[in-house]
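S.K.: What follows is each chain in one-letter form.
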Amino acid sequence: MAELKTTPNIAYADDFYADLLAVHEGLSEKESEALNARLILILSNHIGDREALGGALALAATPK
Amino acid sequence: MAKIFDTPLYPYTRSPDQEETTPVRHPVVVIGAGPVGMAAAIDLAQQDVPVVILDDDDKVSFGSRAISFAKRPLEILDRLGCGQPMVDKGEIWNVGKVFFDNRRIFEFNLLPEDGHKRPAFINLQQYYLEQYMVDRIRELQVKGKPIEIRGNNKVDAIGSHTDHVTLEIDTPDGPYNLEADWLIACDGAGSPTRRMLGLDFAGRVFEDNFLIVDTIMEADFPTERWFWFDPPFNRGQSALLQKQPDDMWRIDLQLGWDIDKEEEQKPENVIPRLRTMLGDDVKFELEWVAIYTFQCRRMEKFRHGRVLFAGDAAHQVSPFGARGANAGLQDTDNLIWKLKLVIDGTAPDSLLDSYDVERVYGADENIKNSSRSTDFITPKSKMDRTFRDAVLELAETNEFARPMVNSGRLSVPCTYDGSCLNGHDEPDLPEHTRVGGPLVDAPVGKDWLTDLTGNRFQILAINSEVEPVEVNGVSADVLKVSTADAPLVGERYLGGADAAVYLLRPDQIVAARWKEAKPADIEAAMNTAMGG
Ligand SMILES: Cc1cc2nc3c(=O)[nH]c(=O)nc-3n(C[C@H](O)[C@H](O)[C@H](O)COP(=O)(O)OP(=O)(O)OC[C@H]3O[C@@H](n4cnc5c(N)ncnc54)[C@H](O)[C@@H]3O)c2cc1C
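Chains as they are written, first to last, in my numbering: chain S, 77 to 140; chain R, 97 to 628.
Just chain S, same shape as in the assembly (with noise of 0.2 angstroms):
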């Protein structure tokens, strides 16, 4: 089990963060939130780790 990390992590975040723009492009809203569904799911898997997970709902669910 490990903590969320909460200290920047993305190389390049700026290229991240173009790319998660560059997917939602042109996608009805309801197909954007399809997608993000699906990368909240994929996203999730990847880490698996609960404790994570679990820092990483309540940080969003309350975001400070």
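Treat the hints as calculated values from the structure; they're not laboratory data.
Don't take each hint at face value.
Said to hold, decoys possible - Below are the DSSO-like pairs computed for lysine-lysine, each with C-alpha atoms no more than 30 angstroms apart in a straight line:
id: 1; chain 1: S; residue 1: 106; chain 2: R; residue 2: 576
id: 2; chain 1: R; residue 1: 478; chain 2: S; residue 2: 106
id: 3; chain 1: R; residue 1: 193; chain 2: R; residue 2: 339
id: 4; chain 1: R; residue 1: 476; chain 2: R; residue 2: 362
As the list claims (entries may be wrong) - Not close to chain S: a few residues of chain R, all C-beta gaps over 10 angstroms, as computed:
id: 5; residue: 198
id: 6; residue: 385
id: 7; residue: 547
As the list claims (entries may be wrong) - Computed, partial: chain S to chain R, Cβ under 10 angstroms:
id: 8; residue: 112
id: 9; residue: 115
id: 10; residue: 118
id: 11; residue: 121
For glycine and all other residues, C-beta sits at the position ideal for the given N, C-alpha and C.
Given the coordinates of chain S, work out where chain R with the ligand should sit on it, guided by the hints.
M.R.: Chain R with the ligand only, in chain S's frame:
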């Protein structure tokens, strides 16, 4: 041929109790001859505790109702002498297929673990179970066991007192009264007993309806479980197809909330729905049609003084995962040995409170699992549906998403972790045979562990020497097993250890376990398990 559920199995006959002017007192009265009430009564009669079952009808339940019986309830039914006909008649399946829209997105094979007497589950109409139970009651009567079943005896009023219960019963010959030292209420989800005692039944109603159809058809569909999410023949909803014996198929079609229940059940509306689902070539005949609204509810307490609630009367779940009848059988399995010890005066009355604690725990686990299945099948918000559909979409090509697809999880027995009846546990021994859990079956020579145990306290001595013990006049005999004749017992109960001693309750729950045990250890654990 007359249908089994049209034939009176325990027709009304006048009882000598009806001639008495002062009400006759019975040690135990059971209300309801459904599967749970009959299980309670058979269990008592097998232990020579006199019992009378009262039912307002004289037949098995109408329509198939519950159709999936899981392994643990089958083991319980074995102990009650009704398991074999169930398994002989039932359909066993292992392959399930999941469809989304018009695509088969994946299939699974349950590949049951070897070395168990009973399969993971079978499909069988509830009326067969009830018939086998009535047969068993008749068999016990022939053997002189003290069990009676009174048809067309409708309980109309109940009085609850500190040391007994009074009952007013209506019959075709008019009313009569009875008294009982103990009353077991197994009178179903609408429990009149609950209502008459003014007790709660709180929970959640799911805003959805399912059309449940049993149909006889000659179809060469394989014996598999097929589940559809959002199929072309039932847009936006779900569907389930399962096989039962006698060419009977169970079809569940989700209908949504705003429907006209009367209309939807009419053959002229049901038949076209099935046509679109099954295609034009399949010949079918409707056997039973019902509309089911899902509810997950339970009583706050299953024990109210001398009145004990079991089965649907105590808790109700949505049918995904087949938990209704299965959970009810686990209730009486838990209750009856405790009641017997209390009646015999060998255990304190408070032992019955542990029935409440343990089975409320079991009910909560069932409610949790069945609510989760229902939430997946009928997403309650737009976002829930987005996630649900995302899971289904990914599942087709991505193995990782498949465990999240929830079309009903199979009923598995709970482990009473933390129960006040639990004794010493040994953390080095395997986790799945830990204290509080049901006995895990394994072959022992030509026998099965499940057949060698139950109905009494027992000490399972694996590669060990121990002596029988006695607590308050209740004895625990020793079942010696050597892993040389029973390698799977070694695997399942020893793990890496050389030897172990397990104390089993009469309901085959592990009460305590050690790598090495002194008689005093076993006596202390048995005392704890008896509520001491
Ligand atoms: C329409 C319907 C469809 C179902 N479909 C499914 C399904 O598809 N899958 C599934 O898993 N489960 C299903 N169930 C649930 C499953 O059948 C139950 O979990 C199971 O029958 C519970 O058994 P029980 O003995 O607790 O209660 P029941 O089987 O309901 O038995 C209660 C008994 O009490 C008797 N009784 C009631 N009131 C009185 C009275 N005042 N005096 C005397 N006797 C009385 C009744 O006649 C009845 O025999 C269904 C239930 C119903 C009603």
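S.K.: Could you run down the list of hints and mark each one as holding or not?
M.R.: Hints, verified against the model:
1. S:106 with R:576: violated, 64 angstroms
2. R:478 with S:106: holds, 10 angstroms
3. R:193 with R:339: Status holds; Cα separation ~13 angstroms.
4. R:476 with R:362: holds, 28 angstroms
5. 198: holds, 18 angstroms
6. 385: It holds; residue 385 of chain R is separated from chain S by about 36 angstroms at its closest Cβ, greater than 10 angstroms.
7. 547: The assertion about residue 547 of chain R holds, with a minimum of 39 angstroms to chain S.
8. 112: holds, 8 angstroms
9. 115: Given a least distance of 9 angstroms, the restraint on residue 115 of chain S holds.
10. 118: holds, 7 angstroms
11. 121: For residue 121 of chain S, the interface hint holds, since the closest Cβ of chain R sits about 4 angstroms away, which is under 10 angstroms.
Going through the hint list in order, the structure does not satisfy hint 1, though it satisfies all others.
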